[in-house]
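*Asks:* Those sequence lines, one after another, are chains A and B. Quick note on numbering: my numbering labels position 372 of the first sequence as 895, and the sequence is numbered without any gaps. Quick note on numbering: my numbering labels position 464 of the second sequence as 987, and the sequence is numbered without any gaps.
Hints were generated in silico from the structure; no laboratory data involved. Among these hints, one or two may not hold up.
Note that identical chains are pooled: a pair holds if it fits in a single copy or bridges any two copies.
Claimed, not checked - Only pairs whose alpha carbons sit at most 20 Å apart, straight line, appear in this in silico EDC-like list of lysine to aspartate or glutamate:
(1) K917 - E725
(2) K921 - D728
(3) K788 - D746
(4) K917 - E871
(5) K796 - E841
(6) K863 - D1078
If you're wondering where the values come from, they're calculated on a predicted model, not measured in any experiment.
There are 2 protein chains.
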Amino acid sequence: MPKFQPADAAPAELAALAVKTIKFLAIDAIEQANSGHPGLPMGAADYAHILWSRYLKFDPRDPSWPDRDRFILSAGHGSMLLYALLHLSGYDLPLDELKRFRQWGSRTPGHPESHLTAGVECTTGPLGQGFANGVGMAVAAKMAAARFPGLYNHRIWGLVSDGDMMEGISHEAASLAGHLRLGNLTYIYDDNHITLDGNLDESMDEDVGKRFEAYGWRTLHIDGHDHAQIASAFDQAIAEHERPFLILARTHIGNGAPHKHDTHKVHGEPLGKEETEATKRALGWPLDKPFYIPDEVKALWHGRAEELGRLHEAWRAEEKAWRAAHPELLEVYLATTERKVPGDLLAELAAAAPEKTDATRSLAGAVEQRAGALVPSLVGGDADLGGSTKTPIKDSPKVSSASFAGRNLRFGIREHAMGAMANGMSLYGMFIPFTATFLTFSDYMRPAIRLAALGRTQVVHVFTHDSVFLGEDGPTHQSIEHVSALRLIPNVDVWRPADALECAAAWSAALERTTGPTEIILSRQKVDSPPRKASPDEVARGGYVLVREDGGPPDVVFLATGSEVGLAVAAARALAQDKLRVRVVSLPCLEVFERQDPAWRAEVLPKAGRRVSIEAGRTTLWKSWVGEDGLTIGIDHFGASAPAAVIAEHLGFTAPLVAARVREWLKR
Amino acid sequence: MPKFQPADAAPAELAALAVKTIKFLAIDAIEQANSGHPGLPMGAADYAHILWSRYLKFDPRDPSWPDRDRFILSAGHGSMLLYALLHLSGYDLPLDELKRFRQWGSRTPGHPESHLTAGVECTTGPLGQGFANGVGMAVAAKMAAARFPGLYNHRIWGLVSDGDMMEGISHEAASLAGHLRLGNLTYIYDDNHITLDGNLDESMDEDVGKRFEAYGWRTLHIDGHDHAQIASAFDQAIAEHERPFLILARTHIGNGAPHKHDTHKVHGEPLGKEETEATKRALGWPLDKPFYIPDEVKALWHGRAEELGRLHEAWRAEEKAWRAAHPELLEVYLATTERKVPGDLLAELAAAAPEKTDATRSLAGAVEQRAGALVPSLVGGDADLGGSTKTPIKDSPKVSSASFAGRNLRFGIREHAMGAMANGMSLYGMFIPFTATFLTFSDYMRPAIRLAALGRTQVVHVFTHDSVFLGEDGPTHQSIEHVSALRLIPNVDVWRPADALECAAAWSAALERTTGPTEIILSRQKVDSPPRKASPDEVARGGYVLVREDGGPPDVVFLATGSEVGLAVAAARALAQDKLRVRVVSLPCLEVFERQDPAWRAEVLPKAGRRVSIEAGRTTLWKSWVGEDGLTIGIDHFGASAPAAVIAEHLGFTAPLVAARVREWLKR
């Protein structure tokens, strides 16, 4: 592969001019919007300029170059820093977009959104997420390099702030990054001693460097405004391959603002007209030219873009040669890099669905094995519960610092980092990551799931041990509200399969859905086998008639999901003996069902018949599905520690109890 | 105060017997339940015995002794360790309850639940929570000592595991504990090298001791089975007052089981009949006496209980003397320790409600100031957003390592620890803690909120910057689903006030609700002043008629919350010009409204009139409130970065747009 060389240092004066350009682009955009965070861009401009103009490997004209470095702005509130860099370096982000910072429909929202803006590698803002996204990307980069040796040689860079360091998710990700010896990861800690509310030392005084050394990171303290120290740090970073690297850059927030630098006033508010002018005067900047970019600075960036473009071209040529030299890898290379799934995935997975009575975690696990064989992009891991979630891909070694050739990551008991790392692994562009833990711990991952949904990032979240029937572990581990709570996040598809075929449909949908996360909710306990063999196509519609009533319109229609489908079927049988015409509708994915054409939905859920929903969790959302004369059977309180069968009996989740309750209700 | 003295060491043979008793109580209970985690109790029995029988200050006959030490089992899956200790030490937990471990209705659930079992200080299981609960308790203890000098002299002890150490929340809490120099906190890290799925070094190899030193903790490595080392460590712990103390106790999981010790098989499964017998044989324990407690062991614990009882009695006498000596503190002492709120709190807060147009965060902030003056137990803090949430209590200093006399904690950007620490502060028994951050970050706190609800713990969670009208910060910060998601957690009351009086009702309800958490959801932007002055009593019912229709039954009934109430009022005015009879119902708290008598609910929401809900978030739950011919106005997708007024216009949240939409819908 063509060797990357850092650009030579620009003359000091030009570098200073370029740094000021970044600062004032940020200041002017924030002034114009009358909203934003100028402090970080001003404090970070020195090292950001040096990183982007000399050390970062990318091609602004092709943001999808697989061998590019990734840059993560974990401190997403400093978005104008990133937008200034994207514009200056030649990405498709015109100055007009900077002028429309934080306005409706612009590509420069308050916090960076990866699906909106070319060159934004991940959606950041909620602190700590970007930190873990980058660790995920570094894992993905190692995995890519292990699969296709000789093709990739890039790094993950990130800018992290005090807030990132305080958030627990960064601890989880940093510990795992140290464990995995991610020598391709370099983070700059913008150590400015100021938070939104005041001085950092009012809430934190830990020794961050020592902490990261304890994780196994290499650390280096520098003056974040001293260009020689910055360049030396980056030189060391690109020579480091054994350990993740934290550069602790002491900076001054709002650097350059005569009255507001080093104060929290400059963190989250525009400088204001007066201070903006004072800053421009102090730094020798024209007062009458907002969004001014000196020609020399334009030329500097233009020249670098040309160099980088040539590097990219050379890589393309080498990649072509690599393909020719590795015919044995070509199929898997294309499948992986394009994240291909077979056209007949649903049929393949349906064929792999076990025909036996088992827990859906086991049934889905079997399906997943087939998915793993068919989709080389599928990689993932669990939060120390692989034995319980049944998700590790067999015949593939665990990923470790010694080898990233495997497909199974051990995230440790670090659910939040797992979620955000999976986002980063997906955003890296080559993998379809899955995560796995107990459903109750989806709460620990929720901020990451939300960002996957917002950023339209493909991730598969497997959650097992749903509802109360995990039994003895008790209410701390029993998810009552979690399925409903996941359904509330926009752009999330939540599957709660009832049997092996529904597990196949869930996995198929998850692998085919490239525009957001898919949740697969599974049982610890065995579920009943379905009363008939449905067709994969009907199941894939998210809702279908599993048991059709005999003759005439239905008197009662059950709407059920997951482990309660079997219960509905059994209750329906009991009710049929009362000469009632009972239909059972299985609704493994409400979101997919709601996207079906009206005819399908009306056919599955006719107007006729009184409706009963049954799902062993919160009933809130089901009320609108069953209507005003409907019945919702669910659980609206915390569970209890006891054997599953005892819980089922006490909470009314047995066929005789359900049938009796429906009979009673029908009388009313 | 009477000086606490550790008990003398028991003779080695008796101590060994006592340790074995703990192990076999745990083993036998788990065997009987055929479910549970024997590994931790077996590995921890040595130091647990020494801590509880010699160093821990408590009175088993009065679990509410305020000057007791608190013991936190953060690794809640080791619950049988705690139950064994509670039984042996003389708490009200009969052996029969141990025999009903993990059974329906027992006081020995799979994971400890503080509201169920005397002596259980907090509900644990989801890892990391107990760690942060204990830090909160240590803060509370420092606050108590600062308020009432000379009365309290106790410590917080905790047992934390690998899982606790990996979870991000423990990092947040540990960093803050170091910052606050919590010298009253001692945690034993059960360093057993084994997780549920295998060897710890497959997912973690950080230097935990070095990390905690970086936080400012004192650390000490010991052999967790060596009684002399253990006692020496505890001697050092009770002499430490400057720094939190981490004892890293190297232990062997399942210690004593001949074939399963040091393996992950012993983590989460019963030993099984064979290995149980082998263990009993190996340790010289009778095979035929399950739940066997040797008389000498009984006597040992009984003797200690007597000593502790006398200590407690002496404390009671001193407390009486203290009261007499401090008449000037008596009123606030009683109010604080009893967590008193005035009988006319609602009227008081209503009188303090500002009569001006403002953001609800500001209106609620003003109300909270009055609450702070009336309720000395009220303390709390924010996640580096106090300037924005308006929650800091004025005229009270920030809490710092130098002084805990103040009422305002700066939690830093550590939402998750903030939530769990607040739980611990409440469970400590003297304070009503509040927390504050932006609503979108409620996701970061969700596991802690859930445990507050499950544990029936009084906490006030203030969340500001709700919905999309925070504007330019964009979708990462705009809560679409969070209000609905919080409503899904059982035993949570969610208030979303529309005006100053509703803010008063929310704060009043939150302070009076002792059985669970209350969420107060507030706007960043100004809200309209209400069209009439409602009475505090109707507002306190969670739902009331704000604008009554003129003559005859209503044609349209608006159901609105928070900032959309003013919008509904304005839209109702526009619709009234079409000769429609329009009612506006404000529903600041659905949970409270649903607990009202049916007559009130029917009076507020009559059968007459078609219903329109309006809340700037997910519409899911509103569908059942408006019924099948109703209209839900909300937001079912992510927001956007733009000025608030522009967003409102685009998403239809202006009075003319709402009125137009309702008109259109009425035609259908």
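*Asks:* Indicate which option fits the pair K863, D1078 if close means a Cα-Cα distance not exceeding 20 Å: within, between, both or neither.
*Replies:* For K863 and D1078, the Cα distance exceeds 20 Å both inside one copy (45 Å) and across copies (55 Å).
*Asks:* One pair to classify: K796 and E841, alpha carbons no more than 20 Å apart. Within, between, both, or neither?
*Replies:* neither (52 Å within a copy, 63 Å between copies)
*Asks:* How would you label the pair K917, E725 (within, between, both, or neither) given a Cα cut-off of 20 Å?
*Replies:* Answer is between; shortest inter-copy Cα gap is 17 Å, intra-copy 50 Å.
*Asks:* First find the shortest C-alpha distance between K788 and D746 inside one copy, then the shortest across copies, and answer within, between, both or neither for a cut-off of 20 Å.
*Replies:* neither (22 Å within a copy, 50 Å between copies)
*Asks:* Since the copies are identical, ignore which copy is meant and state whether K921 and D728 lie within 20 Å (CA to CA) inside a copy, between copies, both or neither.
*Replies:* Answer is between: at 16 Å across copies they meet the 20 Å cutoff, but 37 Å inside does not.
*Asks:* From the Cα coordinates, with 20 Å as the cut-off, is the pair K917 and E871 best called within, between, both, or neither?
*Replies:* The answer is within: 18 Å in one copy meets 20 Å, while 65 Å across copies does not.
Hint check: violations occur at hints 3, 5, 6; the rest are consistent with the structure.
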